[in-house]
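Participant: Sequence:
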Amino acid sequence: MKTRFKLYDADPEAWKAMINWEKYFEGAEITKAHRELIKIRASQINGCAFCLNMHTKDARKNGETEQRIYTLSAWRDTTFFTDEEKAILAMTEAVTDITHNHVPDAVYENAVNLLGEKYTAQVLMAIISINAWNRIAITTGLMPE
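Numbering (my numbering), first residue to last: 1 to 145.
Think of the hints as simulated: they come from the structure by calculation, not from any bench. Only a predicted model underlies this, so the values are computations on that prediction, with no experimental measurement involved. Don't take each hint at face value.
Pair by pair, the computed Cβ-Cβ distance ranges are [unchecked claim]: (1) VAL112 <-> ALA14: 25 to 35 Å; (2) LEU114 <-> ALA10: 18 to 28 Å; (3) ASN113 <-> GLY141: 33 to 43 Å; (4) ASP58 <-> MET1: 15 to 25 Å; (5) THR79 <-> PRO12: 38 to 48 Å; (6) PHE25 <-> HIS102: 39 to 49 Å; (7) ASN20 <-> ASN62: 15 to 25 Å; (8) ASP97 <-> TYR70: 15 to 25 Å; (9) HIS100 <-> ASP77: 36 to 46 Å; (10) GLY116 <-> LYS2: 38 to 48 Å; (11) GLN67 <-> ASP97: 31 to 41 Å.
Even glycine gets a Cβ: it sits at the ideal position worked out from N, Cα and C.
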């Protein structure tokens, strides 16, 4: 695949809107570690090589372990993730693959019970954000450097 166009060149205002969305997280409670887990897991599901390359590097810089990164797609079968992280990953999978089961009540309720409504709302916004970025990267043919 080759790069089709760069969004920041084709429509700078669209790019600016996405960057401004990301700035929301600077003042949010959601941790960088949780955001990177969301970004990696959604990017795995969506098959976004550009975002996987970027966010696995970012996660490592923020202290994430290789073991957790390598096993993230099989998180249910490990003991490496906390209950809160498991709730975040379940939400990430449900929202990213929303066409199959929508977001099951049990997934939503578990997240709210463990994280609270506000943190769950911020998790939701992080999931939506990376899904948007994945779609931009895949559609425009962005390649990992």
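Participant: I'd like to know which numbered hints this structure contradicts. Please list them from smallest to largest.
Facilitator: 2, 6, 9 and 11
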